[in-house]
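Asker: Let the hints inform the model, and build the full structure from the sequences given.
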Amino acid sequence: MPPLRLAALAGTLLLASPAAGAEQDEVPDLPPRSLAFGGLEGGQLNLSIDLGWLRSGLRADLGVAAGIDFTARLDLFLLHDPARGQSGVHIGLRYAPGPDGPLRLALGAEAGAVLVPEASGSATNLVLRGELLGGYGLGSLGLVYLRLAGRGFRGGDVQDVLWRADGEAGAGWELQLRRLLLGVEGFAWLRPSSHVLPQWRVRVGWAF
Amino acid sequence: VSAGLSERGARRCAWPWRGLALAALAAAWASACSPEIEVRPFRVELTSGGAPWVPPGLILSGVATREGPGSLRIAPATAPAVTIRFDTSTGAAFPADLGGQVDLVLDYDPAAADPEGAPLPVRGLRIVDATGRVRFVLVDSAAAGGDGRPLVPFVAQQLALAEDIPLLETVASYAEFEPSACGDRYYDLLRVKAPNLAPLFLLERGERRTGITVEGAPPWTVLHVLSWHRSGRLCTRKAHAWLQVAEWR
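Chains S and W, in that order, are what the protein sequence lines are.
In case it helps, our numbering puts the first sequence at residues 1 to 208.
In case it helps, our numbering puts the second sequence at residues 1 to 249.
Some hints could be false.
[Stated by the list, open to error] Pairs of lysine to any residue, SDA-like flavour, derived with a Cα cap of 20 Å:
1) W:238 to W:55
2) W:238 to S:120
3) W:193 to S:158
Calculated from the structure, these hints are not laboratory results.
Answerer: Printed below as a string of C-alpha cells:
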C-alpha cells in the first residue's frame, strides 16, 4: 500500500478518536448543515475536503437562495497518483428542498473540465454531471443517505468527438459537530463497458 | 443532522468514529486491488520441422497451404517449410482461400514481450499474395510511440503508395481507464482510415467491421481486439501500451 494511502488512513484513525470534535463549546447551536445535501440559506458557506480513492479534493458550497447552492470543486488523484493522475474543476448548482421530517432530498447538476496528462501534453475534457440524493436523519447519530450520479464525458480528439457515460451509486453517513461537518461515503463507479470499481471518500468540512 | 450536539452527544458518537475508520480501512484495502486488463495475444508461433523457427530475415516467400483457421504452412523453394500458428479465440482467422505463392513479412523482435512480460517475439505479420495484394495482417504489439500511444508496427502500415491496406491509429476516449500503480491504463479506440487518409470508422475494443471496400479493392475485415495506453506514473517493468488488431480479406 503506497505511503500516501497509509498516511491518509492514519489521519482517518486519528479522526476516529473520541476526543475529535470535542472543542467548539462556545459556538451557539447552528441549524443543520450537510455536505451532501447543502440547501444553504443565502450567503451561507460550507467548505470541505474530500479524501478518497480515486478522487480527493476541495469543495465550496455557497447558498445563493433558499435551498439553492452554487457549488465549486477541485479534485485530483491525491492518494493514487497526485502528480500525474487526472485532475478536474467543476461548478454547478444544487437544490435541496427543506427537510420533510427526517427525510432529505437534493438534486445537483454541474459542468466541468477534466485534465488527463499524456506523454506529450495533456487532454482537457468537458464533463456534465447530474446527481440525486435521498437521505434520512438519525438525530444525534447524523444522517444516512443514498446517492446516484450520472456523468457524460467528452473525449476523443479533433477528428472524432467521443461521448461516454458512466455513473456512481453509493451510500454515506454524515455527522455535524457544531460547525464541523464530517462524512464518509462508499460508492461504486458504474462503467457500462467495464467492471464496477469500488470507491470511497472521507469528508471533513466547516460551516461558515 | 445533529444540531448543536452536546459533549454527552459527542461521547455517544465515539463508537461511530471507530466504525468509520474501519470502513475506510476496508475500502482502501479493496481499492488497492485494481484488476489488470486481461490480454489474450494472438501469440504467433513459428515452427519448422517441429522446432521453433527464427526468421533469418524480414520476408519468407513460398507456397502457402492453409491448414486451419489459425494455421498456415509456407514451403519455400529452397528451405524447409515453416508453419505459422496463432490463437484464434478472439475471432481472427486466415482467409479460407489463402494459398499459393505468398510473401510472409514479419515484425520480429526476440526481446519483445506481452504486457505480462511473457516473450512475444512476433509483433506483427502480413501475408501478401502473388498479385502483390496484402491479404492478412496481425498485430500483437506492446510498443509505444513518442506520444505514449500504441505504435502501429510497420507490417500494418502502408509500405507503398499503391498499397490498398487500411491505415490504423488509436484514439483515446479518456473516460474509460483502469487505475494502476504503474500508470492508469486508458482504453483506446481504433480509427481506420482509407489509404488516402480519409477516416472510415472507429472500432471499439472487441468490435469488427466487415465488407469494407478500400478504393474499389476487395473488401477488408478489421478486428480490433484491444488497445490501451498508460498515462501517469509509469514503471519501466510494465508495458506502456498495447495494440492487438487483425485485418484480412
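Asker: Decide, hint by hint, whether the structure agrees.
Answerer: Right, here's what the structure says about each hint:
Proposed proximity of residue 238 (chain W) and residue 55 (chain W) is contradicted: the alpha carbons are some 27 Å apart, above 20 Å. Among the hinted pairs, residue 238 (chain W) with residue 120 (chain S) is consistent with the structure: their alpha-carbon atoms are about 19 Å apart, no more than 20 Å. Taking the CA atoms of residue 193 (chain W) and residue 158 (chain S), the gap is near 15 Å; set against the 20 Å cutoff, the hint holds.
Checked against the numbered hints given earlier, this structure breaks only hint 1.
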